[in-house]
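> Sequence:
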Amino acid sequence: MNSLRLIFVCPINQYKVPALKAITISIAQLLHTHMQMAKTLFSYFTIPLFLCLSSLHLVTSFPFASGQIDYNYNYNYYDRSCPRLGMIVKYGVWAAFKNDTRIAASLLRLHFHDCFVNGCDASILLDDTIDFRGEKNAFPNRNSARGYEVIESIKADVEKACPSTVSCADILTLAARESVLLSGGPYYPLSFGRRDGLTASEKAANEQLPSPIEPLGNITAKFTSKGLDMKDVAVLSGAHTIGFAQCFTFKRRLFDFKGSGKPDPTLESSALTNLQGMCPNKDASNSNLAPLDYASTYRFDNAYYVNLVNGTGLLESDQALMGDPRTAALVTAYSSNSYLFSADFASSMTKLSNLGILTGSNGQIRKKCGSVN
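The sequence shown begins at 1 in the UniProt record's numbering and counts up one residue at a time.
There's no promise every hint is true.
[As the list claims (entries may be wrong)] In silico lysine-lysine, DSSO-like type, Cα no more than 27 Å apart, as pairs:
1) 351 / 258
2) 136 / 367
3) 160 / 367
4) 98 / 226
5) 226 / 203
6) 222 / 203
7) 262 / 203
8) 262 / 282
9) 262 / 136
10) 368 / 98
11) 203 / 367
12) 222 / 98
13) 231 / 367
14) 160 / 368
15) 351 / 203
16) 160 / 90
[Stated by the list, open to error] Here are the simulated distance ranges between beta carbons:
17) 206 / 227: 44 to 50 Å
18) 285 / 262: 17 to 23 Å
19) 81 / 281: 53 to 59 Å
20) 214 / 285: 33 to 39 Å
Since the hints were made in silico from the structure, they are not lab data. Since we're looking at a predicted model, the values are computed, not measured. Cβ coordinates follow ideal geometry from the N, Cα and C atoms, glycine included.
Required output: the full structure, derived from the provided sequences and hints.
Structure follows, in structure tokens:
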């Protein structure tokens, strides 16, 4: 056995899509062999195999649904053109977080609202012009979305280090991941090379963004229209483990649920009493804030799902996850297994970050995030 060596050749920078099928078949065959020879071949076989698999995941270009591979969009896109990008974004988010712990949830939400409306193209950052009314003043974002100035500040620092190189879309995507990490959440892999959009649409934001009072079926339909699924609905809703909501987004649960003149019967009684104290039944309280996850407002964990199981979810759309057996099963699983939630959240965030991206010669690299060049 001392003379036995297994060598893996993994040409990660040269493979084509058809080759992926061959790799998949080979891996299946190797795994079968591995199970048969595990005791004798572990040191020669297992480690090289999984190093090869990891390299394929992290370094290769992004394969689109069409089967094409876009070499302008990959994990190490800025390694040479802007090697300090990661540190600049990390410091910018950390500096903002130090002064305002709410900013982590705000940047994560800003990224979601950007990607969900016509793709991750930084359109949410554009100010209105004479040519279009942008997303900033759409109903889901007006007096609600935050963090624009943080992204603009980071962009200015990036421009000093790497002029006209890094898109606002990539900066926002990276800032969202840093926000999750700063809050104690999981790392997830990202590819880079997004370009910035040239326009924005208030109408699209109003129509495409999910509402906190929308039925779960409608929300799921909006997700599936983006290439996401019901599991992503349950997983990405877990981002509500950090942050706050304004009272107007859930007040009807407290006093007049669906026109009944009574509170939402699914809301636990002590939680109801506390929330009615925070959000009295008068217009002046509409902008008051309540934590989305009262148990651990600033910590990214699975307490959000524990709250749902206990009937203390804040938003109607959150608690609705317990009303469908498919999402309820996921909520129950995540409430008892934080590692499962972290793993699935990382996977869904990677999917989200790839929605509707512009690459190559499409779009542009904005000099300032609030306006096109």
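> Could you run down the list of hints and mark each one as holding or not?
Checked hints:
no., hint, in the structure
1, 351 / 258, "violated, 34 Å"
2, 136 / 367, "holds, 19 Å"
3, 160 / 367, "holds, 11 Å"
4, 98 / 226, "violated, 34 Å"
5, 226 / 203, "holds, 17 Å"
6, 222 / 203, "holds, 15 Å"
7, 262 / 203, "violated, 33 Å"
8, 262 / 282, "holds, 15 Å"
9, 262 / 136, "violated, 34 Å"
10, 368 / 98, "holds, 24 Å"
11, 203 / 367, "holds, 26 Å"
12, 222 / 98, "violated, 35 Å"
13, 231 / 367, "violated, 37 Å"
14, 160 / 368, "holds, 12 Å"
15, 351 / 203, "holds, 24 Å"
16, 160 / 90, "holds, 16 Å"
17, 206 / 227: 44 to 50 Å, "violated, 21 Å"
18, 285 / 262: 17 to 23 Å, "holds, 19 Å"
19, 81 / 281: 53 to 59 Å, "holds, 55 Å"
20, 214 / 285: 33 to 39 Å, "violated, 22 Å"
This entry does not satisfy hints 1, 4, 7, 9, 12, 13, 17 and 20, going by the numbered hints stated previously.
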